Amino acid sequence: MPHTQNLLLDSLSPEDLALLRPHLKLLRVEQRKVLFEAGAGVHTAYFPLTAIISLVVGLLNGETVEAAMVGCDGVVAASPALDGKTSLSKGVVQLSGDLLVCDAAALKAAALQSETLLSVLIRHEQTLFAQAQQSAACMANHHIEARLCRWLLRARDLARSDTLLFTQEYLAEMLGVRRTSVTTVAHTLQRAGMIQYARGKIHFLDVQAVQDTACECYEAVKSHHELLLGHNRRPSS
1 MPHTQNLLLD SLSPEDLALL RPHLKLLRVE QRKVLFEAGA GVHTAYFPLT
51 AIISLVVGLL NGETVEAAMV GCDGVVAASP ALDGKTSLSK GVVQLSGDLL
101 VCDAAALKAA ALQSETLLSV LIRHEQTLFA QAQQSAACMA NHHIEARLCR
151 WLLRARDLAR SDTLLFTQEY LAEMLGVRRT SVTTVAHTLQ RAGMIQYARG
201 KIHFLDVQAV QDTACECYEA VKSHHELLLG HNRRPSS
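Sequential numbering from 1 applies to the sequence shown in the numbering used here.
It should be emphasised that the hints constitute simulated quantities derived from the structure, not laboratory data.
Source: prediction; values computed, not measured.
Glycine included, each C-beta is placed from N, C-alpha and C at the ideal position.
Heads up, a few of these hints could be off.
What the hints assert, rightly or not - Below 25 Å or equal to it, Euclidean Cα-Cα: the simulated DSS-like pairs (lysine-lysine) are:
1) K108 to K25
2) K108 to K201
3) K85 to K108
4) K85 to K33
5) K90 to K33
6) K108 to K90
Claimed, not checked - Restraint-style ranges between C-beta atoms, simulated for each label pair:
7) E63 to K33: 15 to 21 Å
8) R21 to S96: 34 to 40 Å
9) E219 to D162: 31 to 37 Å
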């Protein structure tokens, strides 16, 4: 497994990757699959390859809001796997694709054998915390148009594609807004020639214009990854 397609795994030393390699298994997951529930025990860690995972927070009224998005740049459920406790958020497949799964006990054993591996995992968890903080600030201060652009750009980076398959209902759910708000903004972006959106398929027409419209949170999240993990870049195809 010289190249895994997961930036975090590929950033590890050969020795650290060797500790994990025997325990990594390829799994295909479909959109909207729930990997784990908030408050439940976590027995598996997930290293996305082409899949994207959303960490979402549920409210009593049944609504959910995304706190963080993880794809080929990281790992999902490493922290609860390491301490053997529960996840504080729900893990949902945002975009179908492949990921590598690792038994929680095996991940913990490997981390305890290597300070460098443990350090990488801890720094990654810091990036998720920073992303969740940024999401909270974004929801409180930025307009839906800027937030949607920020979200789409992040998804584009992780999907490594200019075409994304998301319904308006799903986008509204992740952003914590009404579907009508997403519809209005999507039409505005389409009329401006930034995207093409039809039947749950979003295609980027002018990436630079979308970046110019996005709020500062898009670049902030990228900066957090670069500062803490040092492998922030748009993955090559």
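Distance restraint hint 31 to 37 Å, applied to the beta-carbon atoms of E219 and D162: violated (19 Å)
Outcome for the supplied range 15 to 21 Å, where the beta carbon pair is E63 and K33: Holds, at about 20 Å.
Pair hint outcome, K108 versus K201 [Cα-Cα no greater than 25 Å]: violated (39 Å)
K108 paired with K25 [C-alpha distance capped at 25 Å]: holds (16 Å)
Holds or violated: K85 to K108, with C-alpha atoms at most 25 Å apart: The given pair, whose Cα atoms are some 12 Å apart, holds under the 25 Å limit.
Pairwise hint evaluation, K33 against K90, where the allowed Cα distance is 25 Å at most: holds (11 Å)
Agreement of K85 and K33 with the hint, judged by alpha carbon distance not exceeding 25 Å: Holds, at about 22 Å.
25 Å Cα cutoff - pair K108, K90: holds (21 Å)
Consistency of beta-carbon spacing, S96 to R21, with hint 34 to 40 Å: Roughly 25 Å apart at Cβ, these two residues miss the hinted range, so it is violated.
Figure legend: structure checked against the earlier numbered hints; hints not met, in rising order: 2, 8 and 9.
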